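Chemist: For this one, chain A is given, so just place chain B on it according to the hints.
What follows is the residue order along each chain.
Number of protein chains: 2
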Amino acid sequence: MALEITKDLIDNVRELIKNQKDTALSNFFAEVHHADIAEVLDELSFDEAVYIIRLLDSETTSEVLMDVDEDVRENVLEQLSAKEIAEEIDELDTDDAADVIAELPEERKQEVIQKIEDKEHAKEIVELLRYDEDTAGGLMAKELVKVNENWNVLTCVKEMRKQAEEVTRVHSIYVTDNDGKLKGRLSLKDLLMASTRSKIADVYIPKVDFVDVHEKAEDVANIMRKYDLEAIPVIDELGVLVGRITIDDIVDVIKEEAEKDYQLAAGITQDVEADDTIWQLTRARLPWLFLGLIGGVGAARIMGFFDDAIAENAILFMFTPLIAAMAGNVGVQSSAIIVQGLANDDVKGSITDRLLKEVSLAMINGLALAILLFIYVFATEQDMNIASAISVSLFVVIIVAGLVGTFIPLFLNKRGIDPAIATGPFITTSNDIFGILIYFWIAKVIIGF
Amino acid sequence: MALEITKDLIDNVRELIKNQKDTALSNFFAEVHHADIAEVLDELSFDEAVYIIRLLDSETTSEVLMDVDEDVRENVLEQLSAKEIAEEIDELDTDDAADVIAELPEERKQEVIQKIEDKEHAKEIVELLRYDEDTAGGLMAKELVKVNENWNVLTCVKEMRKQAEEVTRVHSIYVTDNDGKLKGRLSLKDLLMASTRSKIADVYIPKVDFVDVHEKAEDVANIMRKYDLEAIPVIDELGVLVGRITIDDIVDVIKEEAEKDYQLAAGITQDVEADDTIWQLTRARLPWLFLGLIGGVGAARIMGFFDDAIAENAILFMFTPLIAAMAGNVGVQSSAIIVQGLANDDVKGSITDRLLKEVSLAMINGLALAILLFIYVFATEQDMNIASAISVSLFVVIIVAGLVGTFIPLFLNKRGIDPAIATGPFITTSNDIFGILIYFWIAKVIIGF
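First to last, the protein sequences are chains A and B. Numbers 1 to 449, taken from our numbering, label the letters of the first sequence in order. Numbers 450 to 898, taken from our numbering, label the letters of the second sequence in order.
So that you can see chain A by itself, here it is in the shape it has in the complex (with noise of 0.2 Å):
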């Protein structure tokens, strides 16, 4: 079914295009999924990605160009002239057109809109173009079908008819008033019963889910998921009617969201892929270290104070890799826990109950782990001193690391800041210089050094 794209594949296409051989390409690319034409247009270089893209027609390659990395989109992009971007634009939905115009150069975007032959479509793209791209505005499509609570089913139908050539998938009819706001939904089922002559006011269903038009993509997601909606319709802030967002949208957003946050939990900043270039790689992967070094040379300080008891000491030295690691462990996996829940919008009650718990939780690991540690290096110092000295820290850290790593996420979302920003290096680097701080102080006032 779906195409594999074999090295021997992206060879012969590029035997092709090298020979110019316009119609076995054509033939070829005719029998391929859109989106298994992106993932070959990934594997080639620009010139010969162009290249395809002017081969095929434009209603192809507009959905080519919608499924290509974004750096190949740019590019193609940039070969393109005004008036052949705007062709692609003509052929793609609203939501869809604007974002590829929404990575255009700014100068560019005028002269492209300006050559867009369908003027309705080209105003509809400019409206978009107004909203964030991480809001249900940014999200939405114009494509719709929408019918006046005043019209006869007669009517209603021979203007559904109209619309739905337009939409590429119906899932909704809504219905608005003379203002165009949103009144509610229409069976297809209920319309079918009616007779011809009722009015639409006397059939539709006045319950229907919305979105506002600024909500944030995330939480759009998590309605459409929690309701199983396939469509959601949008208003704006008088209530009107604006546009639709469908579940193929959605998907992407769930899709990216993790993968940022997940990104975020692993020290990485941007959004990369395995098959990003090496600068790119480096990019997003090196803040997050050097944060890391700054964090490695402040323990370094820390134990810098305590120069004096090493000698006598050496053990306690021996072990602060391990209560750094953990306090880093702990640290992740508490915020790792809040930063998910703050997503899923599951974290409800009150700061305080939910750092007692963390408590509570960090007081049972933190006891089992450090009667263990405690056994293990009583057994091989034979040093009472030593091993409390040990254990207790490790206990003491690892309920400092849990806290830490629960209340950072929880104040970052309260002043609006993106919580998953505090998961992985950030946490693991400030839990280890507060282990190490917490450790040799607790070391000095048992062992008294």
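Everything labelled a hint here was simulated from the structure, so no lab data went into it. Since this is a predicted model, take the numbers as computed values, not measurements. Among the hints, erroneous ones may be present.
Here are the simulated PhoX-like cross-link-like pairs (lysine-lysine), alpha carbons at most 20 Å apart as the crow flies [claimed, not checked]:
1. Lys456/B <-> Lys357/A
2. Lys7/A <-> Lys467/B
3. Lys568/B <-> Lys558/B
4. Lys260/A <-> Lys709/B
5. Lys675/B <-> Lys260/A
6. Lys704/B <-> Lys226/A
Chain B stretches covered by chain A per the calculated footprint, using a threshold of three residues with CB under 8 Å from any CB of chain A [claimed, not checked]:
7. 573 to 587
8. 876 to 887
Cβ atoms here follow ideal geometry from the backbone N, Cα and C, with glycine treated the same way.
Modeler: Chain B only, in chain A's frame:
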């Protein structure tokens, strides 16, 4: 639109239950979406939840049961008789019904299945129970609209009407031959345009995406996402159409896969939520922490081999947390990118190419960070040997950690093991040990102790 679940609301519901105000409760919940009722139930005690389930009609409660947390469902079902559960099952689509039954204890399964009134429904559920829950078979529902290619349009329309009653959302009409083999799909438009006596064989579209019943859920999700499908038919080994998967189930798969990977990367072994009990959270978190403890003890033992050197080279010991943390950070970054790439089916080409790329990347990051560290240590310690030992170690450790982080997930994936377990604490702990071993070995060579 959505019901806001406040503490007041929960208290009110509790009060109504306590005073057995059944009419008030029924009236209140009649207006509430089942997903919201489920959220209310999640906040109530099990007895209270059972009270509500018994009060509402089984059409509503069957949906509610699908939406509540797994532990609530388990407890509510324990309180219900086999007959009551069978009534709920009768209201559910086959895929949801099979999921509920799969969660029941072995001896109850039989009892409940025998009490299902609709015997056809029961048979279909039994069939679905055969499939692994992480495969297409485990995801699919038996409810779908299918027509025989040998029917004429008139028969087809009549049969479709009958079938459509069972199906919540039609999405697509599938065409099969006399043996039930999937041949293609039917467009509603083509059907309406065709004369009533035309044979379906002459009007259907032979091109249709499908998946095999044993296809992995994650791969089904990738296919549906890639091709923007809202439903996909499922065929068995003989090509017979056996079910259909809809996008709402795929949204849950994508979400769950992403959450599972995220939790593994954070060192949490089971599917837990912020609201789970302390005991559930402990069980999910303690195993990885225990691994971290073992790793820390291992690191301490390695450093023990070098304890002669500690008095003269105290500064070396102070940088062990830095080396260990950087090894962990680099390892997590590399493994996360590979794990995510594997999940998205993005990682192509040979393992050697991947490792070479990772070496180049690690060399750039390593060199930049090693130079900074060299400057810092030399400036503070004024000792060329110490500064060299620490910074050369950092450079080497970053490369090794990158290789380990890249290789292990690729290796696990080749062996058919979920590569996501190789992120987080696993990679951090193994890299801590590698890192410290390399560090002291290089330091010994350069400084000579």
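Chemist: Each hint needs a verdict: does it hold in this structure or not?
Modeler: Checked hints:
A distance of roughly 19 Å separates the Cα atoms of lysine 456/B and lysine 357/A; the hinted pair therefore holds under the 20 Å criterion. Distance restraint check for lysine 7/A and lysine 467/B: the Cα-Cα separation of roughly 69 Å exceeds the 20 Å cut-off, and the hinted pair is therefore not satisfied. Using a Cα cut-off of 20 Å, the hinted pair lysine 568/B and lysine 558/B holds, with the two alpha carbons roughly 15 Å apart. Distance hint between lysine 260/A and lysine 709/B is fulfilled; the C-alpha atoms sit about 15 Å from each other, no more than 20 Å.
For the hint pairing lysine 675/B with lysine 260/A, the CA-to-CA distance comes to about 19 Å; that is within 20 Å, so the pair holds. Taking the CA atoms of lysine 704/B and lysine 226/A, the gap is about 12 Å. The hint holds against a cut of 20 Å. Counting residues of the stretch 573 to 587 of chain B whose CB lies closer than 8 Å to any CB of chain A gives 0, so the stated coverage by that chain is violated, three being the minimum. Judged by the Cβ-Cβ criterion of 8 Å, the stretch 876 to 887 of chain B is covered by chain A as claimed, because 4 of its residues qualify and three suffice.
In the structure shown, a violation is registered for the earlier hints numbered 2 and 7, in ascending order.
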